[in-house]
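Chemist: Make the full structure from the sequences, and use the hints.
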Amino acid sequence: MSIQKRLVGSYLAVIMITVGLLEVVLITSVNYYYHHNVEESITNQAEISANFFKNYFSDTKLSEQADHLLRGFAQNTSAQVQIIDVSGSLLEDSNKNKPHRSMLGYPDVKEALSGGVGKWKGSEPALHAPDDTLLAIAYPLVSADGIVGAVRYVTSLTPVIATIRYIAAWFIGAGLLILALVAVLGMILSRTITGPIRELTAAADEMGEGNLSVRTSKRYQDELGTLADTLNTMASRLEQHEALKNDFISSISHEIRTPLTNIHGWVITLKSDPSKDESLWSEGLDIIDAESIRLTHLVDELLDFSKLENGRIQLALTKVELPKLLQQISTQLLPRASRLGLDLRIEMDPALPPVNIDENRMKQVLINVLDNAFKFSRPNGRVSLRAAHHDHEIHMTVQDNGQGIKASDLPHITQKFYHGNEQSSGSGLGLAICQEIMKLHQGSLEIESEWGEGTTVRLRIPLTHHER
Numbered sequence: 009m010s011i012q013k014r015l016v017g018s019y020l021a022v023i024m025i026t027v028g029l030l031e032v033v034l035i036t037s038v039n040y041y042y043h044h045n046v047e048e049s050i051t052n053q054a055e056i057s058a059n060f061f062k063n064y065f066s067d068t069k070l071s072e073q074a075d076h077l078l079r080g081f082a083q084n085t086s087a088q089v090q091i092i093d094v095s096g097s098l099l100e101d102s103n104k105n106k107p108h109r110s111m112l113g114y115p116d117v118k119e120a121l122s123g124g125v126g127k128w129k130g131s132e133p134a135l136h137a138p139d140d141t142l143l144a145i146a147y148p149l150v151s152a153d154g155i156v157g158a159v160r161y162v163t164s165l166t167p168v169i170a171t172i173r174y175i176a177a178w179f180i181g182a183g184l185l186i187l188a189l190v191a192v193l194g195m196i197l198s199r200t201i202t203g204p205i206r207e208l209t210a211a212a213d214e215m216g217e218g219n220l221s222v223r224t225s226k227r228y229q230d231e232l233g234t235l236a237d238t239l240n241t242m243a244s245r246l247e248q249h250e251a252l253k254n255d256f257i258s259s260i261s262h263e264i265r266t267p268l269t270n271i272h273g274w275v276i277t278l279k280s281d282p283s284k285d286e287s288l289w290s291e292g293l294d295i296i297d298a299e300s301i302r303l304t305h306l307v308d309e310l311l312d313f314s315k316l317e318n319g320r321i322q323l324a325l326t327k328v329e330l331p332k333l334l335q336q337i338s339t340q341l342l343p344r345a346s347r348l349g350l351d352l353r354i355e356m357d358p359a360l361p362p363v364n365i366d367e368n369r370m371k372q373v374l375i376n377v378l379d380n381a382f383k384f385s386r387p388n389g390r391v392s393l394r395a396a397h398h399d400h401e402i403h404m405t406v407q408d409n410g411q412g413i414k415a416s417d418l419p420h421i422t423q424k425f426y427h428g429n430e431q432s433s434g435s436g437l438g439l440a441i442c443q444e445i446m447k448l449h450q451g452s453l454e455i456e457s458e459w460g461e462g463t464t465v466r467l468r469i470p471l472t473h474h475e476r
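Taking my numbering as reference, the numbering of the sequence shown is continuous, increasing by one, and the terminal residue is 476.
You may find that some hints are simply not true.
[Said to hold, decoys possible] Taking lysine to aspartate or glutamate and the EDC-like style, the derived pairs with C-alpha atoms no more than 16 Å apart in a straight line are:
#1 69 x 153
#2 414 x 461
#3 62 x 31
#4 383 x 461
Quick caveat, the hints were computed from the structure, so don't treat them as lab data.
Modeler: What follows is the structure in structure tokens.
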């Protein structure tokens with residue numbers, strides 16, 4: 009069953025129960041009100057008549073005054089009035105019914121002749137219409153000698169019942185109209201919920217089919233509006249990641265194809281060299297070696313990325329003397345810096361404490377950051393690596409005065425597959441891997457840069473890592 013049907017069904021169920029209970033209460037109240045008023049009215053008339061007899065005719069015989077009393081009692085009422093003596097015989101009847109018949113078969117008459125106020129509801133097919141419901145109130149007539157008879161008021165409840173039924177029909181009709189309006193309004197209101205849900209579902213289906221450019225509109229500032237925003241944001245991110253993935257595939261394909269082409273070209277050249285020229289072979293082998301190293305570096309980055317994504321990289325933590333590690337890095341990179349015409353400086357506090365790190369992984373981070381500094385520095389530029397001890401941390405800073413990073417690229421520079429400079433080579437994974445390695449060391453990697461002024465990379469490592 010659809011959400012729209014469930015919503016409308018829920019609205020109708022609640023309204024039906026509410027309207028049903030309300031109508032039962034109203035109809036019951038109306039029924040009580042009308043019946044009670046009729047009963048109270050003729051009871052008051054019977055009481056007034058009995059008091060009138062007691063005050064003015066109690067010293068006379070009831071049989072002698074019955075006709076006079078009947079005319080007085082019936083003058084101001086539309087009800088049937090009967091005068092009954094103490095034996096239960098009918099003396100007078102305003103409907104001209106046969107006198108002297110026994111009325112003791114009526115419980116209200118018996119109650120009145122016993123001193124109480126009698127009440128009876130029923131029908132008299134012999135004297136009234138068969139479907140006519142009657143209400144009778146009998147009141148005792150008291151003289152100085154005691155109860156001498158009873159006055160009985162009889163009225164038809166058929167008009168009252170007809171009025172109650174008429175009012176009940178109106179109530180039921182109004183209830184049905186309310187239910188119809190609720191059904192229509194429920195359909196309209198439910199569409200304000202199901203409409204956006206259908207749009208969200210259609211957009212999600214299209215995204216599932218691969219169309220990440222689809223967006224859904226936000227109709228209302230509610231939970232569905234928030235869900236639309238979330239879905240659109242997710243689609244934007246997926247689209248961005250898809251674009252980054254495609255760029256990465258294109259970039260890494262180019263990065264792999266170039267060294268492979270060089271290697272293949274030099275292999276063909278060397279195989280076809282009849283003279284076996286040593287200088288040519290030396291140059292070719294050097295290029296093949298360099299391109300092989302380049303391929304190995306790319307493959308290592310891809311393997312590291314895969315391990316990081318799956319959480320399979322584990323650090324081999326040992327106590328490392330940082331001055332020794334930094335000196336090794338300096339010895340390794342100084343020749344390259346010299347070839348590029350760069351001034352590489354390594355500065356450190358003389359008393360750096362040992363730090364608990366994975367030496368190979370930390371070397372990977374530092375070489376990657378320095379490699380980026382070399383790559384984007386101008387000839388005769390300056391690159392520095394400083395290490396210092398601050399509180400319970402080791403701070404290492406790599407700074408260059410190269411071309412820097414654009415402000416629009418800086419927030420994304422450590423994202424996977426991101427190439428801020430479309431002309432740059434590489435997989436776009438280096439800084440992302442470095443950041444993950446620093447996180448594994450419970451440290452951080454922060455990049456500050458100004459376009460055209462240079463870049464500063466700050467690395468922080470806690471001394472108490474894994475020693476708490």
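Chemist: Now tell me, hint by hint, if it's right for this structure.
Modeler: So, going through the hints one by one against the coordinates:
Straight-line distance between C-alpha atoms of residue 69 and residue 153 comes to about 11 Å, which keeps the hinted pair within the 16 Å bound. Distance check on the hinted pair: residue 414 and residue 461 sit about 10 Å apart at the alpha-carbon level, within 16 Å; holds. A threshold of 16 Å between alpha carbons decides the hint, and for residue 62 with residue 31 the separation of about 46 Å lies outside it, so the pair is violated. A distance of roughly 15 Å separates the Cα atoms of residue 383 and residue 461; the hinted pair therefore holds under the 16 Å criterion.
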